[in-house]
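A.B. asks: Could you put the whole structure together from the sequences, leaning on the hints where they help?
Residue numbers (this note's numbering), protein chains in the order written: chain A, 806 to 1543; chain B, 379 to 459; chain C, 379 to 459; chain D, 939 to 1161.
Hints may be right or wrong, so weigh each one.
As the list claims (entries may be wrong) - Below, simulated DSS-like cross-link-like pairs (lysine-lysine); rule was C-alpha separation at most 30 Å, straight line: (1) B/K438 to C/K438; (2) C/K438 to D/K1042; (3) B/K390 to D/K1042; (4) A/K1184 to A/K830.
Said to hold, decoys possible - If you want the footprint, here are the derived chain B segments under chain C, 3+ residues with CB under 8 Å: (5) 389-395; (6) 432-439.
As the list claims (entries may be wrong) - Cβ-Cβ distance ranges computed for the label pairs, FRET-style: (7) B/L439 to A/E1499: 56 to 62 Å; (8) B/L408 to C/V451: 17 to 23 Å; (9) D/A1114 to B/L439: 31 to 37 Å; (10) B/G433 to A/E1058: 56 to 62 Å; (11) D/E1068 to A/A941: 49 to 55 Å; (12) C/G409 to A/R815: 40 to 46 Å; (13) A/E1309 to B/L408: 41 to 47 Å; (14) D/P1139 to A/E1058: 49 to 55 Å.
None of these hints come from the bench; they were simulated from the model.
Glycine is no exception: its CB is placed at the ideal position from the N, C-alpha and C atoms.
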Amino acid sequence: MSDTAVAPHRALGLTDAEYELIVEKLGREPNAVELSMFSLMWSEHCAYKHSKKLLGQLPIEGPYLLMGPGENAGAVDVGDGLAIAFKVESHNHPSAVEPFQGAATGVGGILRDVFAVGARPIAVLDSLRFGELDSARSRYLLEHAVGGIGHYGNSIGVPTIGGELYFEGPYEQNCLVNAMALGIARHDRLTRSAATGPGNVLVLFGALTGRDGIGGASVLASAELGDGDADKRPTVQIGDPFAEKKLMECSLELLDRELLVSLQDLGAAGLTSSSSEMASKGGLGLDIHVDRVPLREPGMEPFEIMVSESQERMLCVVEPARVDEVLAVCAKWETTATAIGEVTDSGRLRVLSGGEVVGDMPVEALVDDCPLYDLKPEKPSAPIYPAPRRILDGDDPRDALLALLGSWNVADRRPVFEQYDCLVQSRTVRRPDDADAAVLLLPAPTDAGERPAIAVSIDGSGRRVACDPYRGTVEAVLECAANLACVGAEPLGLTNCLNFGNPEKPHIAWQLFESVRGMADACRALDVPVVGGNVSLYNEGPEGPIYPTPVVGMVGRLPDAARAGRLGFAVAGDAIAFAGPFQPSLPGSELAKLRGEPLPDGLSELDVAAVRRAQEVVREAVRRGELRSAHDVVEGGLAVALAECCLGGGHGATVDFRGAGADGERLLETLFGEGAGGFVLSGPRPALAALAREIRLTFVGEVGGDALSLTLDGGATLSWPLAELRSARERGLADAIG
Amino acid sequence: MSRRVRVLVRPKAGILDPQGQAVERALPALGFDGVANVHVGRLIELDVEDPSRVGEMCEKLLANPLIEDYEIVDAAPAHGG
Amino acid sequence: MSRRVRVLVRPKAGILDPQGQAVERALPALGFDGVANVHVGRLIELDVEDPSRVGEMCEKLLANPLIEDYEIVDAAPAHGG
Amino acid sequence: MRFGVLRFPGTCDEVDAQLACERVGEAVILWHGDRDLQGVDAVVVPGGFSYGDYLRVGAIARFAPIMESVIAFAREGGPVLGICNGFQVLCEAGLLPGALLPNKTLRFVCRQVDLVVERADTVFTNACAEGERLSIPAKHTTGCWYAPPALHEQVEANGQVLLRYAPGESFNGSLADVAGVRNEAGNVFGLMPHPEHAVDPLTGSTDGLKLFQSIANSVAAHV
Ligand SMILES: Nc1ncnc2c1ncn2[C@@H]1O[C@H](COP(=O)(O)OP(=O)(O)O)[C@@H](O)[C@H]1O
Ligand SMILES: [Mg+2]
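C.D. replies: Written as structure tokens, this is what we have:
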């Protein structure tokens, strides 16, 4: 405000060259309304100007794909004429400013994306990253972000069935709050957002429009957070899940009654982006009368109305003859609805106020003509991230397991997920902690017999990606697929959110480039298409960038919910086996972090084909009902996986680690080393023996007792009573967040 | 001796107030017409030894200055202290 | 012309007030000592044409007499109203 | 027999309640703005966040047009079951004793809990055995049941407490571990835990079904 010397376009985040291009496309200087609209549509958040070229590498075709990137959410076929629509999105910067409302509105936004395609939302997952919990700010952010997610999801009646949570120093200044939503629809109900039919009416419905988040897309989402954060605060948006619940039911009823030509949610950049994208997809134009938009605050300027990010609003295109019926359905749901414009064949977005044209732009210029930039990737010559702080001294494996189980990245997530309703809608077959993936019932195709289900998981360890952007991202995709395999599900599609620092910096460009390459290769290797996603860049604070954090969400299907896998050891006397092409290694592991070791430059090589093969074998065994438990090996390696299997089922285990050395680094590596492709399985011995013909599988022990006991070389044993393991694992997070 | 202080916390002007809206909608149905501009906030009452620090308490804990305004009102001296 | 009225709703004496307790516990950790007897309630502000009916509104909707007390305070006359 | 399940703006668990009812009878959804109970034999006021839980849980829903009919139905002895938000609404409506306060932790908690059946000679628990433990999930932020001392004494003396949290299972701080109470006449019952989320072995326990079965049994006994 004080800095009047800055040209308006620069204050709005446009470069001089971009501004000149706008002038060229318009054939004149833009007025204030047009400039504000261009600045939003040409922001990183809306135009993907630093990532679009890269995203082209991702495979977007697959046998189950129904709707790929480009719509509000992608969708896959789950059989019986049903589709699952899903997408993940970030709300990082708003959550850093106001964590409760930022996270809440993040959930609200991703739910709107799902019901905008005509799907009834059936699940939410959250993916969270904060600084270490010994910082008061991180505890505050965690508590309020979790509170906000629960508030929104619980109140709207959509279960939050899973998620992930990591604490690492580089997120201290810049937390990540990503939310994923899934919805269900019949194939023929999937709705697209293209505006068609000149003369059709544009109806805005939902909450009133206020001065919320004005400038949010360009200011909040596309600039690094710095000292001036306080100025950005008046734009805080308040989530109203009650309004969204009505909006959701209303939207779904409008679609059920086939009253709509197309439907679109209002997210970042509000009316500007929703209307111009509807027009662009339909290849048409729109006239919008801003003076008809119902306002929450008097005296709003046309540009404010066009860029307001007030939540809980939708836009639809309706044939003139059906407008009254649409308004009646909205009235039934106590949802304000107003005809605010018309579809035209002009190819222009015109903004009118009091009958006067106050903005007039070619739709194509707004939506498609933002220049796309090439990244200048360059591998950094020196480490970007400082070594984690050392918190574990010595190399006693007994202490190490307890320290790992109690560490914030590994400890029981119950204090967080208990704040979410995971049951509403009566579909939840596997709740958090029951299994590696959440499992949801699909409607029964017939009265008798098997009930098909879907499984979903969300993963991505930023620290592993920071060590090796390519392999770390491959691991994230493989981990998601492994989680699905453990419940017996076959992956159908994947969504992702790319959370990175400033892409204009060569080392960040390199991370982004390598990560997308890894994701593309992993998706191809698994034959899983990318159905959509989101990119969040400029996640940097004064102390540097976040860990590069591609978050991957994957949806799969299993034929029989009754056989969905579990992770806990279930029956005393069952055999325990390690399976899969797992090569444990300590650099970059959770143990290395606790020991304060610097991040390695690169992770060890992966045999993706062998990992895929192991996942398929595990999945089929789970589906045949032959395994009593299946759990993949991730943070904390085999020892942590074993402890989790014990605690999950309430049974101890005796496991033979002879050959791993009795002490020293080699034993630590065997027990706590990490890598992709490992599973801990339990079941009747003959069933496991049959698997050994198909994949690498070693019998290692037996379920039973009330301790986890490991036999080491020379007959030494390591033993932890279950109660000791449980208390370490339960206290880790509970102590930190109270 | 400590004083009883009353803090009124309300949504900042222009910030969405879903609770206020819900109450405003409910009242006419109960036969109360002629009601407008309803806002719902929080009331915090406390005995403090040093009333001069209440403003700071509001900034740090009692209110969320991003989205809420607060007002400090003196109540009667606390009984019993 | 309508009046702006303020309704203060607070937990009845003797009723568990976990919100008040949470605030009371949090303050010393932030360096605020000498605070006691904290209670958290609700603040409702509204413009009414007929202030005489506010008591009835409280009884019926704004407070739950089993667990809450209310107090009606006159605020400045509503602007515009 | 036919259940009517209410739907207010913001209700979330009504379809789940309907599915649970359909395991023992028929069920229709009743819209908050209507007054017609469509001749149902029992009413379920389901869980969720009616009117966003704004102002005070259950406070606004209690005034919906359909509630006038539910109150009349209850006065005539019709069975009414309130679950979670429905319990809160029935307390606000004066059909059930006491009030629900915020959980002592002030947090929303979703957890499978064990309940103890205090008596099995009622409209709502006749399919259970006295002293039986039921495993049913609870999920709420405002579930701490409270009544002033005199009222609490009376409720206990009348045997109105039908379900208590098993020792150590109450996370909300309810007085005397009360999980569910009925009215004096015995035809209105409310509880915080969600029996409708415990009716299918695929998604959890089936203990909650016993409450729906009990209502069906007693309706059948009266026709
Ligand atoms: N990382 C990604 N991978 C694949 N598709 C992506 C990715 N990021 C964005 N997309 C796709 O680009 C389109 C535009 O995204 P976005 O602007 O976030 O949509 P919306 O406005 O609906 O939130 C969407 O269809 C989205 O799925
Ligand atoms: Mg969208």
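A.B. asks: Does each hint hold? Answer for all of them.
C.D. replies: The hints, checked one at a time:
no.	hint	result
1	B/K438 to C/K438	violated, 35 Å
2	C/K438 to D/K1042	holds, 26 Å
3	B/K390 to D/K1042	holds, 29 Å
4	A/K1184 to A/K830	violated, 37 Å
5	389-395	violated (count 0)
6	432-439	holds (count 4)
7	B/L439 to A/E1499: 56 to 62 Å	holds, 59 Å
8	B/L408 to C/V451: 17 to 23 Å	holds, 22 Å
9	D/A1114 to B/L439: 31 to 37 Å	holds, 33 Å
10	B/G433 to A/E1058: 56 to 62 Å	violated, 49 Å
11	D/E1068 to A/A941: 49 to 55 Å	holds, 50 Å
12	C/G409 to A/R815: 40 to 46 Å	holds, 42 Å
13	A/E1309 to B/L408: 41 to 47 Å	violated, 58 Å
14	D/P1139 to A/E1058: 49 to 55 Å	violated, 33 Å
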